[in-house]
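Engineer: Here's the letter readout for the chains.
Protein chains: 2
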Amino acid sequence: MPHYNLALLGFGNVGRSLADLLLRKKAELKERYDITYTVTGIATGRHGSAVDPSGIDLVGALDLIRTGRTLNSVSKAQIAGPLDFIRTSQADVLFENTPVNHETGQPAVTHLRTALKCGLHAITANKGPVVHAYRELTELAKAQGKKFYFESTVMDGAPIFVLFRDAIPGTQLKSFRGVLNSTTNIILTRMEAGESFAQAVKHCQEIGIAETDPTADVDGWDAAIKVAALVTVLMGVPFTPQQVERTGIRQITPEMVAAARADGTRYKLVCSAQRECDRVQACVAPEQVSAASPMYGLEGSTSLVEFKTDVLGDLTIIEKDPGPATTAYGLLADFINAVRS
Amino acid sequence: MPHYNLALLGFGNVGRSLADLLLRKKAELKERYDITYTVTGIATGRHGSAVDPSGIDLVGALDLIRTGRTLNSVSKAQIAGPLDFIRTSQADVLFENTPVNHETGQPAVTHLRTALKCGLHAITANKGPVVHAYRELTELAKAQGKKFYFESTVMDGAPIFVLFRDAIPGTQLKSFRGVLNSTTNIILTRMEAGESFAQAVKHCQEIGIAETDPTADVDGWDAAIKVAALVTVLMGVPFTPQQVERTGIRQITPEMVAAARADGTRYKLVCSAQRECDRVQACVAPEQVSAASPMYGLEGSTSLVEFKTDVLGDLTIIEKDPGPATTAYGLLADFINAVRS
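Going down the list, the protein sequences come from chains A and B. For any residue, its number in the numbering used here is found by taking its place in the first sequence, counting from 1, and adding 198. For any residue, its number in the numbering used here is found by taking its place in the second sequence, counting from 1, and adding 198.
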């Protein structure tokens, strides 16, 4: 295996968790896969950027950010924005972790396109480019002999896209159902414990998992984007979040939640899609699920997806309590699979 | 991709389901993976054998077996036992589906060793060789540039071994828990519906999933063998079924099952293993699981495993209602992955 230079574009919770993981797994990846690497570029949103083809001291960079300083002192290179960063980092792999843009996927799409054109593998935890540019980036990657991977975009580090790509080849996905948005699951769980909708939303904002405007979560947009990504990639049918029939959880009251509980059921924001030939019907909506469903036991940020294929019985994947470290692992897995395939 | 000759050693429910699947997926595998194949050998336990390097008519062979005839008329080749079958079939891939031998893994180990030595990929749904000869066969496969794959040995066609091999690289498995034996789960489910242990065992014998001597299932041996296979392969620690602490379900009474139900719990035969450095503790025993566990909802032959790794939250895989066709799919997936890797 050759040695790999890595560039980290976006250095928030996920980017820093990835840096931690790259430090922690360095010896293990060398031993198990003969993969070695150096981080040659880090670009942050508000703490400057650093490029050094001879390698950036990750521990030092993490320390600078932790103490509120910028990375500008780490290297003398003048970096004129993200595209210049990608071109000058001399990297073999780009990890794109800038904030998601649900409407256009930009500027992440441009970052990933530039990386692929420059001959880098393009890896992202950002759902935007999957929904807005999956086909283009996949074809570009193929033409360049590189990979465009995005395992962390749905269910964090749990293997979803790689499952169909590598683990269950020769299957056709007919339909899926699941709980893919953490925030709404935490809100519904807390409402079962007696909180109002507003209190539960406030809690999620306080622990940093819901935005000031909780629309993306509570109105089902985040779930719809994930559904669109799964349909687009796993069913091979280009699909937008707008095509997903979408009902959020704003109309769910504590009384409804309590009544469901008394009835032996629980409210979950359920994502689903069915394919008939080349037509797909997809939906995000609150449902009462019974104890017979594996969705019933889901607490907190735990997520689940149940796949129906042509050759297996229903196959269900559950990921318990993911966080930024889990998302970071998905990026690392994409890197390992990109370079060893 | 070159063209592959396939040999099917063992032609019971699983072998015949594999033949059906090979017929059904022929065009799709050519289109999606450029993989083409011909079955050049079929060896049955009691209905003769056929070898024809120019290709056996699978539809005809299935029909002969379905109508109780032998395969001997299909080819003129004289076949002196399984090893001669492997050597003369001119195959690139052996599918080994002879009955499992829990004590020694034989004769399947010899079949697979012979196949690998002759330059065939060796694929099996037989747990015996995994528990008794994993290291030897894996090293032999590596030396030969071939694959020894056995996805169907635990949870049928659900991706378990390939998960750690390909889908979640760079993880270390710390522990797992699950329900891996179908027969005991069906027995416990039926006891919840009011049947006695003996009645429930009889039902399983009638539908053909329990043997005349139900010891392997009800005393936890089948589960223990699967635990040993998972520990051996996924934790990298050679482990025998005898090393698994094992309690079966014979002592579970309808009263205990009813009391558990009244208590909001259900009895499941739970498999588990924990790794501490190079020491592993493994156990098969009945447990009362609550509705908070994804094991609670398991009905019938549905199986489940929950993995704890160093980098992901708990990752759970559930396979609903598998059957011979699901096991056959695991063999097909092994074939696809063996030849495209």
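Read the hints as simulated data drawn from the structure, not as lab findings. None of these values were measured; they are calculated from a predicted model. Accuracy of the hints is not assured; some may be wrong.
The list cannot tell twin chains apart, which means a pair is met if one copy fits it or any two copies do.
Claimed, not checked - List of simulated lysine-lysine pairs, DSBU-like, C-alpha gap at most 30 Å:
hint, residue 1, residue 2
1, K372, K224
2, K345, K400
3, K372, K228
4, K274, K372
5, K224, K340
6, K400, K372
7, K400, K228
8, K340, K400
9, K224, K400
Engineer: If a hint holds in the structure, say so; if it doesn't, say that too.
Structural biologist: Hints, verified against the model:
Proximity of K372 and K224 under a CA criterion of 30 Å is satisfied inter-copy only: 19 Å between copies versus 39 Å inside one chain copy. Neither within a single protomer nor between protomers do K345 and K400 lie at most 30 Å apart by alpha-carbon distance, with minima of 40 Å and 54 Å respectively. Proximity of K372 and K228 under a CA criterion of 30 Å is satisfied inter-copy only: 20 Å between copies versus 39 Å inside one chain copy. For the identical chains of this complex, K274 and K372 are neighbours neither inside a copy (53 Å) nor across copies (44 Å), given an alpha-carbon limit of 30 Å.
Taking CA atoms no more than 30 Å apart as the test, K224 paired with K340 passes in both settings, with 28 Å inside one copy and 25 Å between copies. For the homomeric pair K400 and K372, neither the shortest alpha-carbon distance inside one copy (38 Å) nor that between copies (36 Å) is at most 30 Å. For a Cα distance limit of 30 Å, the shortest separation of K400 from K228 qualifies neither inside one copy, at 44 Å, nor across copies, at 54 Å. Taking CA atoms no more than 30 Å apart as the test, K340 paired with K400 passes in neither setting, with 44 Å inside one copy and 56 Å between copies.
Taking the closest pair of Cα atoms, K224 and K400 never come within 30 Å of each other, the shortest separation being 39 Å inside a single copy and 55 Å across copies.
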